[in-house]
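Visitor: Residue numbers (our numbering), protein chains in the order written: chain A, 3 to 315; chain B, 17 to 349; chain C, 167 to 569; chain D, 15 to 491.
Hints are not guaranteed to be accurate.
Said to hold, decoys possible - Here are the simulated lysine to aspartate or glutamate pairs, DMTMM-like style, with alpha carbons at most 25 Å apart:
{"hint": "1", "chain 1": "D", "residue 1": "K56", "chain 2": "D", "residue 2": "D126"}
{"hint": "2", "chain 1": "C", "residue 1": "K365", "chain 2": "C", "residue 2": "D489"}
{"hint": "3", "chain 1": "C", "residue 1": "K365", "chain 2": "B", "residue 2": "D169"}
{"hint": "4", "chain 1": "C", "residue 1": "K522", "chain 2": "C", "residue 2": "E257"}
{"hint": "5", "chain 1": "C", "residue 1": "K218", "chain 2": "A", "residue 2": "E280"}
{"hint": "6", "chain 1": "C", "residue 1": "K488", "chain 2": "A", "residue 2": "E29"}
{"hint": "7", "chain 1": "C", "residue 1": "K486", "chain 2": "A", "residue 2": "E29"}
{"hint": "8", "chain 1": "C", "residue 1": "K218", "chain 2": "B", "residue 2": "D169"}
{"hint": "9", "chain 1": "C", "residue 1": "K488", "chain 2": "A", "residue 2": "D79"}
{"hint": "10", "chain 1": "C", "residue 1": "K218", "chain 2": "B", "residue 2": "D235"}
{"hint": "11", "chain 1": "C", "residue 1": "K260", "chain 2": "C", "residue 2": "E519"}
{"hint": "12", "chain 1": "C", "residue 1": "K516", "chain 2": "C", "residue 2": "D400"}
{"hint": "13", "chain 1": "C", "residue 1": "K516", "chain 2": "C", "residue 2": "E251"}
{"hint": "14", "chain 1": "C", "residue 1": "K389", "chain 2": "A", "residue 2": "E29"}
{"hint": "15", "chain 1": "C", "residue 1": "K365", "chain 2": "C", "residue 2": "E257"}
{"hint": "16", "chain 1": "C", "residue 1": "K568", "chain 2": "A", "residue 2": "E280"}
{"hint": "17", "chain 1": "B", "residue 1": "K144", "chain 2": "D", "residue 2": "D83"}
{"hint": "18", "chain 1": "C", "residue 1": "K486", "chain 2": "A", "residue 2": "E280"}
{"hint": "19", "chain 1": "D", "residue 1": "K341", "chain 2": "B", "residue 2": "D185"}
{"hint": "20", "chain 1": "C", "residue 1": "K320", "chain 2": "B", "residue 2": "D185"}
{"hint": "21", "chain 1": "C", "residue 1": "K530", "chain 2": "C", "residue 2": "E237"}
{"hint": "22", "chain 1": "D", "residue 1": "K341", "chain 2": "A", "residue 2": "D173"}
{"hint": "23", "chain 1": "C", "residue 1": "K320", "chain 2": "B", "residue 2": "E66"}
{"hint": "24", "chain 1": "D", "residue 1": "K56", "chain 2": "B", "residue 2": "D235"}
{"hint": "25", "chain 1": "C", "residue 1": "K568", "chain 2": "A", "residue 2": "D79"}
{"hint": "26", "chain 1": "C", "residue 1": "K260", "chain 2": "C", "residue 2": "E378"}
{"hint": "27", "chain 1": "C", "residue 1": "K320", "chain 2": "B", "residue 2": "E225"}
{"hint": "28", "chain 1": "D", "residue 1": "K56", "chain 2": "D", "residue 2": "E235"}
{"hint": "29", "chain 1": "C", "residue 1": "K530", "chain 2": "C", "residue 2": "E257"}
{"hint": "30", "chain 1": "C", "residue 1": "K568", "chain 2": "A", "residue 2": "D173"}
{"hint": "31", "chain 1": "C", "residue 1": "K530", "chain 2": "C", "residue 2": "D467"}
{"hint": "32", "chain 1": "B", "residue 1": "K144", "chain 2": "D", "residue 2": "E235"}
{"hint": "33", "chain 1": "C", "residue 1": "K486", "chain 2": "A", "residue 2": "E82"}
{"hint": "34", "chain 1": "D", "residue 1": "K223", "chain 2": "D", "residue 2": "E235"}
{"hint": "35", "chain 1": "C", "residue 1": "K513", "chain 2": "C", "residue 2": "E345"}
{"hint": "36", "chain 1": "C", "residue 1": "K568", "chain 2": "C", "residue 2": "D489"}
{"hint": "37", "chain 1": "C", "residue 1": "K488", "chain 2": "A", "residue 2": "E82"}
{"hint": "38", "chain 1": "C", "residue 1": "K320", "chain 2": "B", "residue 2": "D58"}
{"hint": "39", "chain 1": "C", "residue 1": "K568", "chain 2": "C", "residue 2": "E555"}
{"hint": "40", "chain 1": "D", "residue 1": "K56", "chain 2": "B", "residue 2": "E225"}
Just so you know, these hints were derived from the structure itself, not from any lab.
This structure is a prediction, so every number in the text was calculated from the model and none was measured.
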Amino acid sequence: MRRTLPILAVLAVLLAAIAIANPFFLEPAGFLGFVRRAAPLVILAAGQYFVIVSGEFDLSVGSLVTVEVVVAARLIDGNEGATWPVLLLLVVLGLLVGLANGLVTTLLRVPSFIATLGMMLVLSGAVFLWTGGAPRGALSEGFRMFGRQTGWAVLILAVTALVVVLLTRADFGRTLVATGDNERAAALSGVRVNRVRILAFVLSGASAVVAGILLGGFAGVSAQVGQGLEFQAITAVVLGGVVLGGGRGSVVAAMAGALTLEALFTLLNLYGISGALEFTVQGVIIIAAVAAGAVRLPFAHPRRSKGDAHAAS
Amino acid sequence: MTPDALPARRSRRFAAVAGPTRVVFLALAGVILIGWALVAADGGQFLTLENVVGVQQRSAALGIVAVGQTLAILAGSLDLSVAYLISLTSLVAAETMAGQDSGIVAAIAAVAGVSVLVGLVNGLVITKLRVHAFIATLGVGLIIKGIVDHLYDGPAGRVPETFQHLGYDRIGPVPVSALLWAAVALTAWFLLSRTRYGYRVYAVGGDVEVARLSGVRTDRVVIVTHVLCSLCAGIAGLLLAARLGAGAPTVGTDGGYDLESIAAVVLGGTALAGGRGGVAGTVGGVLLLAVLDSVFNQLEVNSFFKDVVRGVVIVVAVAVYARRTGLLRGRRA
Amino acid sequence: MPRPRTLLVAVAALTVLAAGCTTDRPTGAAGQRSGAGASPQPPAAGTGDQSKFFVQADYDAQLAMRSQTPEGPADRPWEQAIAPEPVDTAEHRKDGPYRLCFSNAAVNNPWRQVGWKTMQAEVALHEEISGLTALDAEGKDDKQISDIAELQAKGCDVLIISPNTTATLTPAVTAACAEVPVIVFDRGVETDCPVTFIKPIGGYAFGADAAEFLVAKVPAGGKILALRISPGVDVLETRWSAAKVAFDASELEVVGVEFTDGDAAKAKSVVSDYIQRHGRIDGVWMDSGATSVAVAEAFEDAGLPVPPMTGEDQQDFLRKWKDDGLTAMAPTYPTYQWRTPIIAALKILKGEEVPKVWNLPQPKITAENLDTYLQPSMPPLHYALCGCEDMPGFPEGWGGTKG
Amino acid sequence: MIGIGKSFLGVRVLGEVDLVAAAGEVHAVVGENGAGKSTLMKILAGVHPPDEGTIEIDGRGVSFGHPLDAQRAGVAIIHQEFNLLPERSVAENVFLGREPVRRGLVDRPAMDAATARLLGELGEDSFGPRDPVRHLSVAQQQVVEIVKALSLDARIVVMDEPTAALAEHEVDLLHRLVRRLQGRGIAVLYISHRLREVFDLADRVTVLKDGRLVTSAATGELTPDGLVRLMVGRDLGSYFPPRATSAGETRLRVTGGGNDRLRDIDLELRAGEILGLAGLQGSGRSALAKALFGAEPFTRGRMTPVRPRTVREGIAAGIGLVTEDRKAEGLALRQSVRDNALLVARASGRGRRDGVRELLERVRLVPPRQDREVRYLSGGNQQKVVLAKWLTVAPRVLLFDEPTRGVDVGAKAAIHDLMRELAGEGAAVMMISSELPELIGMSDRIVVLREGRISGTLPAGPSEEAVMRLAAGEVAA
């Protein structure tokens, strides 16, 4: 818990500022509305946490969310009956993309920044190739229910958060963090290093599925629904104090980072700094938050593990 | 008694750096051949003068940015603010020139100033505030984006004809912009292979602790590298202003120069972790992407299919390097 | 290398450089920003100051055009023209078959995809067109400039251009004019060298139609929220500037002007924020229909009746308007304008007259004519004004389902 | 160096330490790990500034803000962990940070020539100045480190555990070189745990204990037992726990085992027995350990109870490996003691998760706190955590690869006791150590490897010469 305190403090301050600027925020409807709007980013941040704590990146989640929504609209095409089979297909699709990212990164030994950048291009190209450039078909009410009704959205968020926290406490989570810290030592302790890292990417893919369902449900089909989500997710995780390069950070802090980012956007909107300057403020806040985090850790520059030089005789 | 390695008089001199660079230029030749065959089959000619010039002109801006990005990545860092900086410098250039030839020198100075400033900020945030390069440069990029979108809501300023020559003139088959790119690439190659600064970039990229203990002022190397990287982005901004005739707030992001330049650098065999690779490979990577674009244009291939192919090419190329360096490392005593 | 020899080589290199120097830079004066500066408008509360794209003369002309009856066949609005000033094209006459070229700004949004499909269908109607070579600039000015240069060398009889950005594409278009007859449509350029510039009446009419509807429907003192996609796009800027004039003249209070980047989720969030902040919103003005359904849903999610609002001719908005009985209207920026450049090209190559500025009619969808434009079998993001109902391959070609 | 004091994060590491070294003198600095030896040397090398005390060279007071100042003042340090850039060439590594320049540009030919000259001086001809360091073996990289220090034509050379990774003949070579440095009037500060080297090489010895100066005397005035007692307060005699009397049933047997590094391995590990594995640097001892464990498996031969093809199969068969390099292969440095201790149990999904506290006490971790990050622990404590991580799955076979390298004498004794305890409880133990006295003292049986083959087996307590003859083969003892 010690590591999550700083980000929780920042989040509390921002929420208080919002409450002052907009008293409606204190009523359950107001606060739950905020939580619902933040839900997709929080879930994506949780998925991204697993990838980052294992020392990798996943740039493909944004495109995957767009693919999920566009594919759903095309296949459901308005008929309610198709909702559940398509939802199942979306889950399988998300897991397969995660699996592909994982395999390329671990077996082909391609740095994950490049592997997932490649996947991002492939996904965004493929989906529009298939739909002829524009989203077609329509989402059914049954599908959109999850994203539109606050109750469902908050419930899905709560369940996901619970699952994710349990995962990090379980053997998988601990061995994943250890792998992110020192892959060689983990391997020699019997950790199935590749399997664990692939699973992290699959979880990131799964988080994109859930986020896609929520975003698609909330706003309907659109071609840019996933744009920029990958950078926001990475920013949120880093705001939560998780160190890029792996081996350190808690998933609760990562999710709190996402809430903080969303609170920041809401605050800026309320104070009317929306439009262009919102980006500037976002840029300053990100650097300040991470800089504050880094100052406290004197060993911010982890010495690269000297694996090779010491491969003994 | 024989120590472990065979006492060959001079153990074989493995041109490790040349390895990946050779691969990218082989791939480039392959793509040109395939492209030529496909276009010929489709009834067009591939190697026409317009095409060759088109490829060079289209890849000049990305090439210059990629050279700067190569320096950053070699030093173990990276720069996500280049795209936004290009938009900013194109606007600064066009506004300072305001259509007057007299404004050109002032514009170049202004662009240099802005670029150095942004490079300094990137470098200082990374070294003094100890912020990871990904977040530092992403943050600075967003700051620039906010300022640009706030001040400008469309193309602005005007570039006088004399300066537009930079974007259009040709000397035989070689456009001036390609010469500019070549000059920037050569300078960077010279810096890396002949000057102490260059050696220190490889040292800091290879292992920052080792460099520090050997007396290298690692922070200063990173800061200088980021200034040079931003300068390259500034030059690209000037070039694009010359081609467009004006500055545009979205020219950098439209071209996707941040992720595209990183892809080109890695395509060229430079290790994303730093310490290995070079400018030559990056030039190959940029040309490979440009030729791909040209072939797709010739065949009027749908731009979404192009994204798919480009994504696959990048991943496959890096997988090939990973296997090659993996073999090298595995074979030691 | 001994010193003198390096000097010799340097001099030789310089001479070669000077001799071989040619340029692809487009000749002709880079266009000056046409039209008078924006006339000073008193900045009304809430609507901020007037956009610098606002040109009073164009504004007045477009508003007037709304009431003028267009010439040409009523059932084929893409061939009609309002107050045309014909220009003689005899010099371009040549006999078929014709090779057309098209530099497309982008296919990155539903409106352009419907238009591009319609243009391809139009080409298929005419055997005398041997082929249409099209290059997609993917929304990048720099790429469109080199695309236009490349197309000039492809032996095209006519070059059709849909410019990505007005100012930056002007030099390239000017250069193309010298080589081949050029037709510009959708967005303009700051030069009159193209043979014809095809466009619906324009943004001012779009914005004014929508604003006037709200001024009529919303009682005095009502709170209006204006949603725009993004700053700096001339087509969208003119829409808002016209609406601003109408709102400033009315007693309505514009409580906010927000940018949504055309993203439905962001639009919906902005609307719910305003509902929270102001308690109620009495009318919503939108500069495009992409997020109109999401905006209506924001009110439903907040448990409020959907106030009078404006959208565009996309099927999902029309269907919601019909099913939920909204008080709404939809100005249009008709996609059938993608058919006209092909027709104009053939006219030019046959030497027939074409209007210098081909103003196409710009109908608006109201409660009365909603049913004629609602096509249930068409996909949600399909534009009603595609003028493609009678073309071969309809509706499957446009993503629709039979019957 | 007079009255030096230093503390890290509030922990006092050095207090009033004086160190006087004369030109041309080999001055050994010994003491338990955590006694502050490395810290003292790092202060001299300008890596850390001292909190108290002054440094004087040739009578002049100096202060070093950065390693560069120390280098300029003539101090060169050879670190225990190599400070080399794998991707760069030998010459580029040697002249890192001080590349020779001609007319503003790096003078590569001069750099290569100077490196070649120094390599020649060392009699090293197995690699050249332009080879990338990535292609060099550990021993060769050590030589590059030494060449780097020498190229600084330093007047004070600090060697921190230089022979830890060197083979016997390379140690002699190094000692000949140290003598040559002495001849040039250079003061050599030599840190080592190998007492034999201290007595062979050093003129004076300074002993540190818990950050305090115990004594500084000429080597002649000291005896090995006396020195150990000074260092740790226990005499040499009871150095090793008593050996086993009888061997139990065979836990592991290999016949005809081999892979690309090993040939015709016939080996038996019996319960209750500590088998010592001797051999020169590069003879394949680590390779054998990793083959038995399944990390770099055998490709030929039969092995009972199972021939593990992966690490997981090795662990499932009840085998554990305490690797040679703790930091790189044994521990996740930024995780807590508890997370490291439970790593194997969690990886295999079985093994005890409770009782970590008792486990840490059993391995004599002082203090047995579970939440501290492992990187803040001393070398000895880190090794104990590695041991604990294996004990959670109660292995039947435990392989130790240089278990006490870079570990203080106190911790070394604790680890020896533990190994004997584990053997006593029926585990089969195999130990690799480059320190012959330790290997001979601990092992009930010693197998000697030479170039990947078993060159012979010796009963308990053989003479060092006997082991060396089998290890070195053709060279006369």
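Visitor: Confirm or reject each hint.
Guide: Here's how the hints hold up against the structure:
1. D:K56 / D:D126: 29 Å, violated
2. C:K365 / C:D489: Distance ~32 Å between K365 of chain C and D489 of chain C Cα, so the pair is violated.
3. C:K365 / B:D169: 23 Å, holds
4. C:K522 / C:E257: 15 Å, holds
5. C:K218 / A:E280: 23 Å, holds
6. C:K488 / A:E29: 35 Å, violated
7. C:K486 / A:E29: 31 Å, violated
8. C:K218 / B:D169: At roughly 10 Å apart (the allowed maximum being 25 Å), D169 of chain B and K218 of chain C satisfy the hint.
9. C:K488 / A:D79: Holds, at roughly 19 Å.
10. C:K218 / B:D235: 46 Å, violated
11. C:K260 / C:E519: 14 Å, holds
12. C:K516 / C:D400: 33 Å, violated
13. C:K516 / C:E251: 18 Å, holds
14. C:K389 / A:E29: Roughly 24 Å separates the two Cα atoms, so the pair holds.
15. C:K365 / C:E257: Within the cut-off at roughly 24 Å; holds.
16. C:K568 / A:E280: Given that 25 Å is the threshold and the Cα spacing comes to 47 Å, the pair is violated.
17. B:K144 / D:D83: 22 Å, holds
18. C:K486 / A:E280: Violated, at about 33 Å.
19. D:K341 / B:D185: Measuring from Cα to Cα gives roughly 59 Å; hence the hint is violated.
20. C:K320 / B:D185: Between K320 of chain C and D185 of chain B the Cα gap is close to 21 Å, so the pair holds against 25 Å.
21. C:K530 / C:E237: 18 Å, holds
22. D:K341 / A:D173: It holds: about 22 Å lies between the C-alpha atoms, which stays within 25 Å.
23. C:K320 / B:E66: 10 Å, holds
24. D:K56 / B:D235: 21 Å, holds
25. C:K568 / A:D79: Given pair K568 of chain C, D79 of chain A holds - Cα atoms ~14 Å apart, limit 25 Å.
26. C:K260 / C:E378: 47 Å, violated
27. C:K320 / B:E225: 57 Å, violated
28. D:K56 / D:E235: Violated. K56 of chain D to E235 of chain D sits at ~28 Å, over the 25 Å cutoff.
29. C:K530 / C:E257: 38 Å, violated
30. C:K568 / A:D173: Judged against 25 Å, a Cα distance of about 55 Å means the pair is violated.
31. C:K530 / C:D467: 28 Å, violated
32. B:K144 / D:E235: Status violated; Cα separation ~52 Å.
33. C:K486 / A:E82: 17 Å, holds
34. D:K223 / D:E235: 19 Å, holds
35. C:K513 / C:E345: 19 Å, holds
36. C:K568 / C:D489: Given pair K568 of chain C, D489 of chain C holds - Cα atoms ~21 Å apart, limit 25 Å.
37. C:K488 / A:E82: Distance of about 20 Å is within 25 Å: holds.
38. C:K320 / B:D58: Holds, because 14 Å separates the two Cα atoms, which is no more than 25 Å.
39. C:K568 / C:E555: Status holds; Cα separation ~12 Å.
40. D:K56 / B:E225: Holds, because 14 Å separates the two Cα atoms, which is no more than 25 Å.
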